[in-house]
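Chemist: From first to last, the protein sequence lines are chains A, B and C.
If you read the first sequence in the numbering used here, its first letter stands for residue 5, the second for the next number, and so on.
If you read the second sequence in the numbering used here, its first letter stands for residue 282, the second for the next number, and so on.
If you read the third sequence in the numbering used here, its first letter stands for residue -13, the second for the next number, and so on.
Be a bit skeptical, because a hint or two may be false.
Unchecked claim - Here are some, though not all, of the chain B residues that point toward chain C, as calculated from beta-carbon distances under 10 Å:
1) LEU285
2) VAL288
3) ALA460
Claimed, not checked - Lysine to any residue pairs mimicking SDA-like chemistry, simulated, CA-CA at most 20 Å apart:
4) LYS236(A) to CYS385(A)
5) LYS196(C) to VAL89(A)
6) LYS110(C) to CYS385(A)
7) LYS609(B) to VAL263(A)
Said to hold, decoys possible - Which bits of chain A does chain C cover? Going by a derived footprint, with three or more residues having C-beta under 8 Å, they are:
8) 93 to 101
9) 338 to 352
10) 427 to 438
Treat the hints as calculated values from the structure; they're not laboratory data.
We put the beta carbon where it would ideally sit given N, CA and C, even for glycine.
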Amino acid sequence: MLKTFPKGGVHPPENKLSAHLPIRQIPLPPSVTILLSQHMGAPAKAIVEKGDQVRAGQLIATGEGFLSGNVHASVSGKVTRIDEVQDASGYKRQAVFIETAGDEWFEGIKSDDILEKDFDIDGQEIIKRITEAGIVGLGGATFPSHVKLNVPRGKKAKFLVVNGVECEPYLTSDHALMLEKGEEIMVGVQLLKKALNVKLAHIGIENNKPDAIRHLKELSAKHEGIQVHALKVKYPQGGEKQLIRAITGREVPSGGLPVDVGVVVFNIGTVYAVYEAVQKNKPLIERIVTITGKDIKQPSNFRVRIGTPISALIEAAGGLPENTGKVIMGGPMMGKALGNSEVPVVKGTSGILILSDTESSRSIIQPCIRCAKCVSVCPMCLEPYLLMPLAQQNKFDTLEAAHVMDCIECGSCSYICPASRPLLDYIRQGKSSVGKIIRSRKK
Amino acid sequence: MSKLLTVSPSPHINSNQSVEKLMFGVVISLVPVFLASLYFFGIGALIITTISIVTCMLTEMIIQKYLLQTEIRIRDGSAIVTGLLLAFNLPSNLPWWMVVLGSVFAIGIGKMTYGGLGNNPFNPALAGRVFLLISFPVQMTSWPLPITSRMHYIDAATGATPLGYVKEAIRNGETVSDAMTQLPDHMQMFLGQMSGSLGEISALALIIGFLWMLYKRIITWHIPVIMVGTVYIFTGLLWLIDPSKNAAPLFHILTGGVLLGAIYMATDLVTSPMTKTGMVIYAAGIGIITVVIRVFGSYPEGVSFAILIMNAFVPLINKYVKPSRFGKEVKHG
Amino acid sequence: MSMTILYTVLTLSLLGAVAALVLYQVAQRFKVFEDPRIDLVEAELPAANCGGCGYAGCRNFAETLVKSDSFDGLFCPVGGNDTMARIAAVLGREAVAKEARVAVLRCNGTCEFRPRTNVYDGTKSCAIASAIYSGETGCTYGCLGFGDCVTACTFDALHMDEKTGLPVVEDDKCTACGACVKACPRNLFELRKKWKGNKKIYVACSNEEKGGVARKNCTVACIGCGKCFKVCPYDAIVMKNNLAFIDSDKCKLCRKCVAECPTGSIIEIGFPPKKEKTAEETASVSN
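When you get a sec, could you build the whole thing from the sequences and use the hints?
Modeler: Structural data, given as structure tokens:
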């Protein structure tokens, strides 16, 4: 029996079109747009000015505030302006525009691909380098990694869990990374273990990536305290809480954090970025992005500099198909549909998915037939059929009592609903209203 | 940009399920049951099923169009399912106008008064059946003989159902084993060669339909298995206490509406509970009430009443039986 | 036989007496004193329970009115001055008259002026749409057009105009309860002073971006040029964040600003038709 989380979950068609394709480098874009808010918290403060010459890997904005992170130049060239630009949600955000000239790297950065294993660093130094490199969770939540590594007083991390699940259909960037950079990932895991001062790391990979499981199992045999687990294919296993439950059997308490059960979770991509930051002194300025879709000419896994416009990636994969309906940043279950394909790649961009009109359009909403499918697929064991009307009617007290704040917005309920009811649309709305009420109560 | 991109909140894909597909899945699963009823009851089965379906659909359409003046949703197929299930709960020699009346009641009162699909607390087909049973007790309890009455409709020769026969025998002071000698054997009952409603006679056909619905994930196993299990255990206990006054558990399951009720009537999505635990409570309740009515009540059969009674408890079950939430208890393993 | 009747009568009388006693005791013990004026005040209120006063329904507001010493900050926008005067009479206090107000949508980004840049296919709700992205047009400040305000309005004073895609306020029905102000996630509604004949002059734009950017997304955007600000003789216009705002309490409806606006973002409604010449002038400016 493969491990998995016990309750709920769905299994959408996997459609991993770009699996097994090698990671390709795309030509440097003529200019990049680097958003200053690529992490959860407040935007970073720009420390360069218009007209400045920068080199790849140079710090251009410092993260100030609790959940903020540093931002670095991803190419070398001239800062043309610092201005507002539409981010993935269409709202205006501050960004640094750099015109590319050559490919000069900031001193001290090793930009080669040679494997380095230098474990002679102490934990504090590792955390310091990760902080400086501006590493955030690359799975999409963009939670700054150094915050996770500084375990709050009174709590203790026992395990490190590495998320190689990639449960979203279509996306393959983590898969490609595991196949090509397995050894580096092992080094990254060891470094993170050292930083957290834990003995054991678990890597969870869904069983639809047997080659990656095999590869990492072979490699982990050479390393102490790394276990690779094959997991049953089930969405949303990549959700932190579900993954911890699947691997360790522990349930993160409602409203709690993974560290409450002694676990810290990192994404495979983040682990690789940690390796690069600590061993190569390379800040987070590029990442693997999957470009995929049924009608895309060449689905690919690209290694992309942060700030590259998405349209450039689409061009490199053969251009936008005629029947495009949606361009989605992320996967089809939790990704963000874009209103404009000029949006730049950010640290949290795991993939670009192009869906056709027919694939992405919503069906006509029918009345709820109380089939209870939403209840049975909810991984948090909530009752979406009840939460939706409560949110519609603004009954926030009842919503809170029905634990709406536990919702992880995975979309399983909307996905499965035979009556095509937009359950998550309303629940998400209700959740944000209840969240506001809770925050105002605390004040 | 030539074409505008579409934006919507996530998720961006759906499971390609729809209410229509669910309903037509149920209809397809009922095909073996229908064939069995055609084989045993012939022309009467055909007439009643046709009238029931057509009336149900027409009633729903007329109410939506003229009374409620809303969008006509007849194509979702729920009226067809109600019509089919109502027909399967009737004897094959019921006068046509009673079928019409039952169908109008089932859809009009049983479903549309509450707001249509998804809002009715009681199973509409059963509401229609119980309405007919109370209004026309004589016609509703005269059962044509299988096979021999194939070419007859109203004028079919009738006999008692096995359940009715046993109840009558016990009332007259005979033992169950004596009564059993006059009844078809278990194999015949399993195939469906006995008197009864159109859809309840053939256990084989019903089980095929059940397996199909499980395969298509239209229903889960909980309600049918728990309900049949409860009936089996409860009647088994009674049988162990006094085999001369109580029929064997297998007899109770194969005769009457237990299987039809467990597989099709109790599992009606709209009127059954939302959680697995709730389903277990609900199904066990139906099983117990069914046996209580059959053994201690004056009616030989009690499945319809049992389901309707438990339907009434569903909102309560939904309110108090909640899924056990993720992260409710903190485990350190 | 007669004994049976007697027993019955006696038993029932006794039961009745005991029950009466218990009821009386309970009524005494759990008696709640309620100011009778609350009922009187509530009777004067419009019973719309809209929450426009800031309290949970008319009853709650009546309780607050009776308890409080003055009418400071307490006003029923629906009933208006008449209602407040009557309540003042009931409570024997002075009413403070307030000017009548009406809701105004500060956006004129119709389908014609503000081209779509994408298509929204989610649940038709402004709150849901604005939570995920900036809307169907390039303007991140303007009306989303999914009608949350229409749903929120309990007085049937709002409806969506199919042609323009914007909500329309019916001034005579609007009670300035403020439900739409709260419902709009973009904060586009403003409660402005209500003039006779429903005359209005206001800047129909809320875009705080720089002029060029704003104009690119919507041809009738306020570009923050400040011409109206300079021409206003009454200091009624404030410039803030690239946006002009006409203070309806200071404005005297002189209409000088309307002609000045290069984008036509200042709207005048309810005035007698202008002389043709002026109309041409405005047209030539805004083109």
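Chemist: Does each hint hold? Answer for all of them.
Modeler: So, going through the hints one by one against the coordinates:
no.	hint	in the structure
1	LEU285	holds, 5 Å
2	VAL288	holds, 5 Å
3	ALA460	violated, 50 Å
4	LYS236(A) to CYS385(A)	holds, 19 Å
5	LYS196(C) to VAL89(A)	holds, 13 Å
6	LYS110(C) to CYS385(A)	violated, 27 Å
7	LYS609(B) to VAL263(A)	holds, 16 Å
8	93 to 101	holds (count 4)
9	338 to 352	holds (count 4)
10	427 to 438	holds (count 5)
Violated hints, listed in ascending order, are 3 and 6; each of the other numbered hints is respected by the structure.
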